[in-house]
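S.K.: Here is what each chain is made of, one letter per residue.
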Amino acid sequence: NAGVTQTPKFQVLKTGQSMTLQCAQDMNHEYMSWYRQDPGMGLRLIHYSVGAGITDQGEVPNGYNVSRSTTEDFPLRLLSAAPSQTSVYFCASSYGPYDLNTGELFFGEGSRLTVL
Amino acid sequence: GQQLNQSPQSMFIQEGEDVSMNCTSSSIFNTWLWYKQDPGEGPVLLIALYKAGELTSNGRLTAQFGITRKDSFLNISASIPSDVGIYFCAGHGGAQKLVFGQGTRLTINP
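In order, the protein sequences belong to chains L and R. Numbered by our numbering, the letters in the first sequence go through residues 1 to 116 in order. Numbered by our numbering, the letters in the second sequence go through residues 1001 to 1110 in order.
Be aware that a few hints might be false.
Said to hold, decoys possible - Mimicking DMTMM-like on lysine to aspartate or glutamate, the simulated pairs with C-alpha atoms at most 25 Å apart in a straight line are:
hint: 1; chain 1: R; residue 1: 1070; chain 2: L; residue 2: 30
hint: 2; chain 1: R; residue 1: 1036; chain 2: R; residue 2: 1017
hint: 3; chain 1: R; residue 1: 1051; chain 2: L; residue 2: 109
hint: 4; chain 1: L; residue 1: 9; chain 2: L; residue 2: 38
hint: 5; chain 1: R; residue 1: 1051; chain 2: L; residue 2: 38
hint: 6; chain 1: L; residue 1: 9; chain 2: R; residue 2: 1038
hint: 7; chain 1: L; residue 1: 9; chain 2: L; residue 2: 104
hint: 8; chain 1: R; residue 1: 1036; chain 2: L; residue 2: 59
hint: 9; chain 1: R; residue 1: 1036; chain 2: L; residue 2: 30
hint: 10; chain 1: R; residue 1: 1070; chain 2: L; residue 2: 59
hint: 11; chain 1: R; residue 1: 1051; chain 2: R; residue 2: 1071
hint: 12; chain 1: R; residue 1: 1070; chain 2: R; residue 2: 1054
hint: 13; chain 1: R; residue 1: 1051; chain 2: L; residue 2: 104
hint: 14; chain 1: R; residue 1: 1070; chain 2: L; residue 2: 109
Worth flagging that the hints you see were computed from the coordinates, not collected in a lab.
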């Protein structure tokens, strides 16, 4: 198993550009989520999905879109990039929402995004 | 929303020293978790705590679920260079998401 795979690992954008961060998992996990990591802020939840066709907002959803057409994939779209979206983005997955109780959230290696 | 306050934000210690860090919340959590992030990697689960008062060990790591359910502690004994990284506490309050603390960055001088 490859686990949780994120692409690209690094990206530089200009203000106003759009892009998609890709996330795929091969563990047949129902639950997938996106976090951003900023210095001194920890990990903040952007969007999450409890299964194909179902998505919901997290703590900081503004400026981001998600969709979940398959169990395996959960892309994160930046609609019009802003410097405030410069961050490291992590995709994470779990067997099911109930498994959050066990803490078994598996993270990808991260995507570092810089918006100029 | 729910927030976790983690302290200290950073630690600089000598190899072999013990480490203590903690996490507090204004809300009650049903589960407390501790993750570690190595440089350039995603966080990995170290310890999960499920009951108030629970004390759990994983090698040189020991974590406790506070009796009030609003705090948790992580101790690392006899630190070694590979302990370097960022440690995150996380709480699960029953909703479909984990709340993370700000992280404690651990630096070890050999």
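S.K.: Hint check: residue 9 of chain L vs residue 1038 of chain R, CA-CA at most 25 Å. Holds or violated?
M.R.: 16 Å, holds
S.K.: Does residue 1071 of chain R sit within 25 Å of residue 1051 of chain R, going by the straight-line distance between their CA atoms?
M.R.: 12 Å, holds
S.K.: Decide if the proposed pair is consistent with the structure: residue 1051 of chain R and residue 38 of chain L, CA atoms, cutoff 25 Å inclusive.
M.R.: This hinted pair is violated, its Cα atoms lying about 30 Å apart.
S.K.: Please verify whether residue 1070 of chain R and residue 109 of chain L have alpha carbons no more than 25 Å apart.
M.R.: Roughly 30 Å between the alpha carbons, so the hint for residue 1070 of chain R and residue 109 of chain L is violated.
S.K.: Is the Cα-Cα distance between residue 1051 of chain R and residue 104 of chain L 25 Å or less?
M.R.: 17 Å, holds
S.K.: Residue 1036 of chain R and residue 59 of chain L were given as a pair; does the straight-line alpha-carbon distance stay at or below 25 Å?
M.R.: 22 Å, holds
S.K.: With the threshold set at 25 Å, check whether the alpha-carbon distance from residue 1070 of chain R to residue 30 of chain L stays at or below it.
M.R.: 29 Å, violated
S.K.: Mind checking the alpha carbons of residue 1051 of chain R and residue 109 of chain L for me, to see if they're no more than 25 Å apart?
M.R.: 31 Å, violated
S.K.: Would the hint linking residue 1070 of chain R and residue 1054 of chain R be met if the CA-CA limit is 25 Å?
M.R.: With a Cα-Cα distance of about 13 Å, the restraint between residue 1070 of chain R and residue 1054 of chain R holds, given a limit of 25 Å.
S.K.: When you check the alpha-carbon spacing of residue 1070 of chain R and residue 59 of chain L, does it fall within 25 Å?
M.R.: Distance ~20 Å between residue 1070 of chain R and residue 59 of chain L Cα, so the pair holds.
S.K.: Keeping to a limit of 25 Å between CA atoms, is the pair of residue 9 of chain L and residue 38 of chain L held or broken?
M.R.: Holds, at roughly 16 Å.
S.K.: Would the hint linking residue 1036 of chain R and residue 1017 of chain R be met if the CA-CA limit is 25 Å?
M.R.: 18 Å, holds
Consistency with the previously given hints fails for numbers 1, 3, 5, 14, ordered from lowest to highest.
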